[in-house]
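*Asks:* Going line by line, the protein sequences match chains S and V. Using my numbering, read the first sequence as starting at 1 and increasing by one per residue. Using my numbering, read the second sequence as starting at 1 and increasing by one per residue.
Keep in mind the hints are simulated off the structure, nothing from the lab. A hint or two may mislead.
Examples of chain S residues lying across from chain V (beta carbon under 10 Å, computed) [stated by the list, open to error]:
{"id": "1", "residue": "G41"}
{"id": "2", "residue": "G51"}
{"id": "3", "residue": "G64"}
{"id": "4", "residue": "R76"}
{"id": "5", "residue": "I79"}
{"id": "6", "residue": "I85"}
{"id": "7", "residue": "F100"}
{"id": "8", "residue": "Q149"}
Each residue gets a CB set at the ideal place from its N, CA and C atoms; glycine is no exception.
One-letter residues, chain by chain:
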Amino acid sequence: MALIQFKNVTKRFDRKVIFNQLSFDINAGDFVLFQGPSGMGKTTLFQLILGFEAVDAGEIHFEGQLLHPKLLPGLRKKIAYVPQIIDWGQGKVIDIIEEFMSFQANIHLTHWRKLLAELMTRFELEAGLLEKDFSMLSGGEKQRMAIIQALLLERKIFLLDEPTAALDTPMKQKVIQYFSERTDATLLVISHDPDWQQIPNIKINLLNQ
Amino acid sequence: MKTPDIHGPGIIMMLVLLAIPLALDYGLQLKLAKDILLSVFRMLIQLALMGIFLEYLIQWDSVALNILWFLVMVFAASHSAIKRNRLSFRKFWKPIFLAMLIAVSFAVLYFNAWIIHVEKLFSARFFVIISGMILGNSMKGIIIVLDKFYTNISKEKYQYQYRLSLGATRFEAMRPWIQQSIRASLQPIIATTATMGLVSIPGMMTGQMLGGSSPMLAIKYQMAIVIVIFVAMIISVVLALFFSLWRRDF
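Only chain V is shown next, with the shape it has when bound in the complex (with noise of 0.2 Å):
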């Protein structure tokens, strides 16, 4: 069983969609066109060059190539979370890209090589695509553990300062912001996972079943890559954290 394509026509049939939308905004007085417009066009670009690269790296499928798109995949994220928590760049670029490359290659390499027992374990279809799935959830949790950390800390700066006058190490007066800011990071997806097969079927199931795989395929990739997903989030977070710690000064 195939997957049918989407032609021209469904292609417009895809965009006449977005009148709704755009009708309601005009009779609620929503404000939103523009930013739904805005949106959608970035998406539709952003996912358009996505296609076009996607296509060639499994075409060519270069090991060197694939290594070369996941690093910067791995940058770019860094950078994402680095903006959304308006920190330095210069300071933290380093260890935020060095947890997520370190959790992150961990994370897919055990899943090609140990769970899925693919031969070319940088093989574009599984090393690069898998590798994205991990990565925007690594990313949004070392957001979150910067920030809370970050903030609480400053926060209740004399907390901290009280608990080093009391002698204690770095380590010791920090432990109650890290265990905070992790505890926080790690929440919104302990709380997904729990509700899974709940309501809605995952991402990557319904991809997998719409190509073609059985459901029970289907969902054992799916819980393979929930597990990874979690494992390589919680690696990210507490080494993006300890590396921003690293020789800092408070």
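Bound conformation, chain S alone (with noise of 0.2 Å):
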């Protein structure tokens, strides 16, 4: 059974068709990386797993059922999404971490400062990062902390949207080095970079261009 599966998915907006009876199946442990001409609405395709749009024609199914708005909570703590654009608001990096970390989905997860203080290090951020207000981060600081934030919540299916587009060459192979070793886990990867197709046994799906 495939874990995600797009059937004959169409999508538009207004006149533009972003999908055109686009099909594919994912199974649980794949590393699949998305690529396209940019503007091309890529970042839809996770918008649609998500359930943040719906389809114009086709069905989307998850874990064999197809999906359906009652569905989504159940899904969406299944999945670890880093967006393109990140915004997490106003305030203490450390307090909107600890506000997402206390939503009832993720109360479970108690181990998390301890797991936070390791990656801040593997990815090279500074403590003292934590006590800044989230809009004074660079954009790659905002970006490994999505990565980081994406980590806790401790989830096995990673949506990563450009997630390396702000960083340099040698944070970039950190972090595709980080996950081509998660084998435990399903890996989507929306990026122009040709770097990521350095994981082994990683799928190239070019969405029908």
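Dock chain one against chain two, each of which comes alone in its own frame, and use the hints as you go.
*Replies:* This is how it looks when you write it as structure tokens:
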């Protein structure tokens, strides 16, 4: 049984066709890299999976079930999403993370502070950054914090939308290296960066282009 | 001591006073003459109608009629709040109407029964007049809360969606916008409450004192009405926001 299945999915915005009869299967444990020209609407792909956008035609199945509004809360709890536009709102970084971790869905994760410290060291962020206002962070810092936040959730399906666009080459390599070792996880990456192709067994999906 | 009446010559003198704004408008080319005249005209007609209505309401003092008039006022206020926000009337009138109905009836009945202890809770002199004062403020609060909430959450849609993706329930995901919009809707009244009595004499007090009440009595009424208005406002604001979110998808 496929984990995520697109069956002849069509999505339009006004008259612009984003996807036309798109079909593919993703199995648990797959690493998939979605490529395609920028501006074609790759972000919409994740928006469809997370239920933030609805299909115009066709079906999306998750764990064998047709995607349905009632299914979404359960689905979202299994997915760790790193959006392209990272907007955490206002406030100190640590306060925001504390709020995220206090959501009922995440309250069972009691060791996140230790994990946070480890991940920040791993991705070369100083502890003092947690005391800064989120809006004061640089693009690269925001991107790494969003990746770390996704990892704190200890989920097994990752949806990463241009996760390394704001990172320099050594940091980008670290991130790719980290995910290539997560053989326990399912990885969906939208990136136009060819470095992601280094991951062994990664499948490339050109989205019908 | 009885309030002196305003007779024909007095009314003419009141209108003559408008010559000053009109002269200034002409001299300074403000191009406001039409707006000034139209708004004064509307005010005169609306208040005249209200005067006639109230005259009869107080004279007849029928509980059913007073309640009916109250419902009409609540409906008109809901209509106005929706129009100001350019929201869909069909989707929003029920939550807003219900919110104001609950909040304002609670506040006015509390005021009548436990603060001023009138025997007839629905008598026009207290029920209709006091609820009118409370209603206007609740409406202002609702206009701000809905405007702030719906404008900001759609402007920051990605942030809202991100919170949902982290596993937040709808309420958890909306929390920042709920807090922001309620805060914004209450700030004006909190600010005016704090300066009350420093500069201006509040309208209700002025009226009561002109009507012959002692300043101390007028002040006690003023204090009570300020608190009642504030409480009704926060209840209306919270209920209107939550009722409007009821079963609405984002």
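*Asks:* For every hint, state whether the structure bears it out.
*Replies:* Results of checking the hints against the structure:
A cut of 10 Å between beta carbons decides the hint on G41/S: the least distance to chain V is about 15 Å, and the hint is violated. Taken as an interface hint, G51/S checks out: its beta carbon lies about 9 Å from the nearest beta carbon of chain V, inside 10 Å. Look at G64/S: its Cβ only gets to about 21 Å from chain V, farther than 10 Å, so that hint breaks. At about 6 Å, the closest approach between the beta carbon of R76/S and any beta carbon in chain V falls short of 10 Å, and the interface hint on this residue holds.
At its closest, the beta carbon of I79/S sits 7 Å from a beta carbon of chain V; the interface hint therefore holds under the 10 Å criterion. At a threshold of 10 Å, the smallest CB-CB gap from I85/S to chain V is about 5 Å, leaving the interface hint in force. This hint holds: F100/S has a C-beta 5 Å from the nearest C-beta of chain V, less than the 10 Å allowed. With 10 Å as the threshold, the beta carbon of Q149/S comes within range of chain V, its nearest partner Cβ sitting at about 8 Å, so the hint holds.
Violated hints, in rising order: 1, 3; the structure is consistent with all others.
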